[in-house]
Amino acid sequence: MTKFLRAVFLVDLIQGLWVTFRNQKPSLVYTEQYPAERPKVAERYRGAPRLNINPETGETLCIACNLCALACPERLIVVTSERNEKTRRKELTTFTYDTSRCMFCGLCEDACPVDALELTQDFELATYTREGQIWDRQMLEEGPRPTRYTH
Amino acid sequence: MLETVVNNPWFQPLLLTLIVILVFPLVAGYIVLAERKVLADFQVRLGPMRVGPYGFLQPIADAVKLLLKEDIIPTAADSWIFWLAPVLSTVTALTAFTVLPLGPGIHIADVNIGLLFILSLSSVGILGIILGGWASNSHYSLLGSLRSAAQMVSYEVAMGFALVSGLMVAGTLSMQGIVQAQQDRQIWFAFENYGLMLIPLVTYSIAAVAETNRAPFDLPEAESELVAGFHTEYSGFRWSLYFLAEYGNMFVVSSIAVTLFLGGWLRPFASIEALETPLNVGFPVLLFFAIGAGCGLGFLRQKLPVNKGIMAVLAGGMFLVGAAFLVPAVNAKIIGVFWFLFKVAVILYCFIWYRGTFPRFRYDQLMSIGWKYMIPIGMGALIVNGVVLLVK
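Chain order of the listed sequences is A and B.
Take any residue in the first sequence, count from 1 to its spot, add 42: that is its number in this note's numbering.
Heads up: the second sequence at position 361 corresponds to 350 in this note's numbering, and the numbers run straight through without jumps.
The following block holds chain B by itself, in its conformation from the complex:
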């Protein structure tokens, strides 16, 4: 009975869809916690510390607060579009998860236009921001959404050029196919073409930050100028949908970078056989055991029994996950997912790192970087890589 259910071709897509819809909001909450903690590290602060041990339950408290808040629709707003806009943003952001190659064969759908699908979805996602800002009938919202429209349209071009360079090398639009091509050629596409592919990678990372409205390109929601930009008038649940969409988009753009340039679910140095055991078994085991040991230390330092319990459960869980990597059969199944998520986490860390380091650009600077530098560089990289590929 269970066999037939598990072997049903619909089983994995449905399971993954459920995970994305049900678990990703929680994951997004924890990305926010990580962001607040990492930013606090950069700014020599502690970050959230009061809810749960070391602020571990903060996302849950935040979620409860957001869901219970009063839901306000301004009287002058166009209530229909006001209602529709955050839904559009969130749905497109979460739909983009469908084609992400989480591991070898682990995906919701492997469509042959995978990357194009994500690009088109992210373009529709912008619509949610524009409509939300416009329907609010507020100056701040409208200015914020105008800025975001201009910004996203201009950076989408640069991003497109960078992606086309990657596609040229990969020769396929299917996300699984792109990783497969890297496996076949035994090289991450970031280092293909004698290192020339690094240029599109850098272009893409900069454009991706702008695309997701993150600092230093967070002009659409510049607090010091526009209150909160396009979501000034949004509150409670609707606001949290925008929030979810932003973090969903961050995850998706990081996943594209990982898939197209950083080898997807392949381990580093995939061509060197000798590193198989240390990287595929040693590294995850050490990583999770180290986190577990950290949680154990937290367990010793905490004094409240509740906090002690949470830390103990966390430490136990981490040791269990680490131990799971020691079992060869399990390891073979989850190592791809591990590497994919690990690389995505590294890129998300970089996103937060940029936010903690760079001051916000002025609007004209943003536009001049986009049109005068990013797009020409992207075009140049495309031509150079094309020629090199042809000659090779």
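Just chain A, with the same shape it has in the complex:
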């Protein structure tokens, strides 16, 4: 009897309508308007690599020990250095990092003894050419510069 009355008065349909109706709150909206609105990236996200510089002197933190290149399973890091005859220290000349082959495993940043190489939370790595995917020392220090569409 109850079932019959429910069917006659379309109770189930009205319940369904109520479910959709009460869900139309702006606070529930899940859409993220990506270029206009920056997404929140997880704390442990590994994205674009960065070669840190000492903020006070502006010199690189990298000691050109080559440990990152050795740790890299993809062998995509190439470090070249020069011996400074005065200080008897190795000085970094070039540092290339091929992001097109990188799987963002983070082994290079783990291997770095001076926290110079770091995987940041930047995720906009797209380029128009394959060559653009190979980052040189300048790019690694300055970080990627994607087009900003926010207004």
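Source of the hints: derived by calculation from the structure; they are not laboratory data.
There are no misleading hints in this set.
Taking lysine-lysine and the DSSO-like style, the derived pairs with C-alpha atoms no more than 30 Å apart in a straight line are:
#  : chain 1 : residue 1 : chain 2 : residue 2
1  : B       : K26       : A       : K82
2  : B       : K58       : B       : K26
3  : B       : K297      : A       : K67
4  : B       : K54       : B       : K292
5  : B       : K26       : B       : K54
6  : B       : K26       : B       : K292
7  : A       : K82       : B       : K292
8  : A       : K82       : B       : K297
9  : A       : K67       : B       : K292
10 : A       : K82       : A       : K67
11 : B       : K361      : A       : K45
12 : B       : K54       : B       : K297
13 : A       : K67       : B       : K26
14 : B       : K297      : B       : K26
We have chain A; now place chain B onto it with these hints.
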């Protein structure tokens, strides 16, 4: 000079005809925008946001896209009928606007067979869908049009019974006359006969959804089964004609429901004198001021100067319309139109609401609802209402 033009008996019909032909496509575009926005609300999304502030210019972008698209006629199609079918659908849908009573005395034509005229036009409109599907010479189109033919024919009967119940109470087929009868009897026909008229109203609303091929009865264009049903092979302008026809039909069936059951251009509680000012002045003013305030908020949130400008114009326009309702002379002229369009908008919202809520029926379920439930219920309601009317 202007007096003679305005007082000419042809002035109002011609003006309204022009408005229907020129403005309704735009209105249909904005109904689509509203549909996409409301559906997005139900589905916890945002909907169109990129074209103009909050996607406000999306319909215009869509219209430009549709008009500029390549117009394809399949080689195997019957090009003459392929050309004719969308025209048939659109013309019938727009012709049905002629008898709608938009307000007291505001109509293109008040013919004494008004409702019958709309019913017959909607039957001809089906022909456009059948011919379009058949002339496309494609399996999907043909299946879609066969389904729509079967669906519309079966639901037209249920709809007819529901309408006849309403007509019995009204005692006239003229659309203006039906509203007039409700005014004379001081009651919306939905609540006439001790509430028994609610049954035809519910029957009509369900049949109307099926009649306009809307979800959950949108089998003729079920995307997951038939690509796009009868208009699979249509593109560009021809497709947009079908589109226009669908939204025109939605508007017309909502208008019939409003006219026959929900008091047409009468305000709610038309019999209670005390509510005259709050409902006829307070409500529209508050409504338009609230929308205006919303647009003002949008103006503050937008950052692009263009978007800010559009929002400012919208807010200003809404406040102006709201203010117009405060002037007694203007109010008397437009309050009927306001109530009519407001009720139609509420019903259109319900159409979208159903689409956002109910899953599509299977074909046999659709037919069994139509023939086993809707038609008997419609007949029963007709008999019961007839007896009650006779006894009363």
